[in-house]
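Chemist: Sequence:
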Amino acid sequence: MGGYLYMQQWEYKICKLSGRAMSTIELPTEEELNELGKDGWELATSMTDKTDFDNTLIYKRPKK
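When we follow this note's numbering, the leftmost residue of the sequence shown carries the number 10, and every step to the right adds one.
Don't read these hints as lab results, they were simulated from the structure. All C-beta atoms, glycine included, are put in the ideal place defined by N, C-alpha and C. Hints are not guaranteed to be accurate.
The following label-pair restraints were derived from C-beta to C-beta distances [what the hints assert, rightly or not]:
hint : residue 1 : residue 2 : range
1    : 46        : 13        : 12 to 20 Å
2    : 23        : 73        : 14 to 22 Å
3    : 40        : 64        : 34 to 42 Å
4    : 17        : 46        : 14 to 22 Å
5    : 62        : 19        : 41 to 49 Å
6    : 14        : 65        : 25 to 33 Å
7    : 12        : 61        : 43 to 51 Å
8    : 49        : 12        : 23 to 31 Å
9    : 14        : 63        : 36 to 44 Å
Below are the DSS-like pairs computed for lysine-lysine, each with C-alpha atoms no more than 27 Å apart in a straight line [said to hold, decoys possible]:
hint : residue 1 : residue 2
10   : 25        : 72
11   : 73        : 22
12   : 47        : 73
13   : 59        : 69
14   : 59        : 25
15   : 47        : 25
16   : 22        : 69
17   : 72        : 47
18   : 72        : 22
19   : 73        : 25
20   : 22        : 47
21   : 22        : 59
22   : 25        : 69
23   : 69        : 47
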């Protein structure tokens with residue numbers, strides 16, 4: 010007892026993709042995604058705006 014509870018802190022990376030340009034947008038390659046993973050990033054969530062279909066990808070990793 011009497012120990013300290015450690016709360017993990019996170020940092021975030023936000024990537025926005027335009028819905029209007031989705032047909033011409035260059036998606037990340039497997040190599041690029043593996044680099045993000047090596048850097049500690051993982052996809053936390055994605056959201057799509059229902060009015061213009063813009064997509065937002067939110068990545069997170071433990072704060073250093």
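Chemist: Determine for every hint whether it applies to the structure shown.
Modeler: Structure-based check of each hint:
1. 46 <-> 13: 12 to 20 Å: violated, 30 Å
2. 23 <-> 73: 14 to 22 Å: holds, 18 Å
3. 40 <-> 64: 34 to 42 Å: This hint is violated: roughly 21 Å between Cβ atoms.
4. 17 <-> 46: 14 to 22 Å: The hinted range 14 to 22 Å holds for residue 17 and residue 46, with Cβ atoms some 18 Å apart.
5. 62 <-> 19: 41 to 49 Å: Since residue 62 and residue 19 have Cβ atoms about 27 Å apart, the given range 41 to 49 Å is violated.
6. 14 <-> 65: 25 to 33 Å: This hint holds: roughly 32 Å between Cβ atoms.
7. 12 <-> 61: 43 to 51 Å: Since residue 12 and residue 61 have Cβ atoms about 49 Å apart, the given range 43 to 51 Å holds.
8. 49 <-> 12: 23 to 31 Å: holds, 26 Å
9. 14 <-> 63: 36 to 44 Å: The hint (36 to 44 Å, Cβ to Cβ) holds, given that residue 14 and residue 63 are roughly 38 Å apart.
10. 25 <-> 72: holds, 22 Å
11. 73 <-> 22: holds, 14 Å
12. 47 <-> 73: Given pair residue 47, residue 73 holds - Cα atoms ~15 Å apart, limit 27 Å.
13. 59 <-> 69: holds, 24 Å
14. 59 <-> 25: At roughly 14 Å apart (the allowed maximum being 27 Å), residue 25 and residue 59 satisfy the hint.
15. 47 <-> 25: holds, 21 Å
16. 22 <-> 69: Roughly 6 Å separates the two Cα atoms, so the pair holds.
17. 72 <-> 47: holds, 15 Å
18. 72 <-> 22: holds, 12 Å
19. 73 <-> 25: OK: residue 73 and residue 25 at ~24 Å, within 27 Å.
20. 22 <-> 47: holds, 15 Å
21. 22 <-> 59: holds, 22 Å
22. 25 <-> 69: Given that 27 Å is the threshold and the Cα spacing comes to 15 Å, the pair holds.
23. 69 <-> 47: holds, 13 Å
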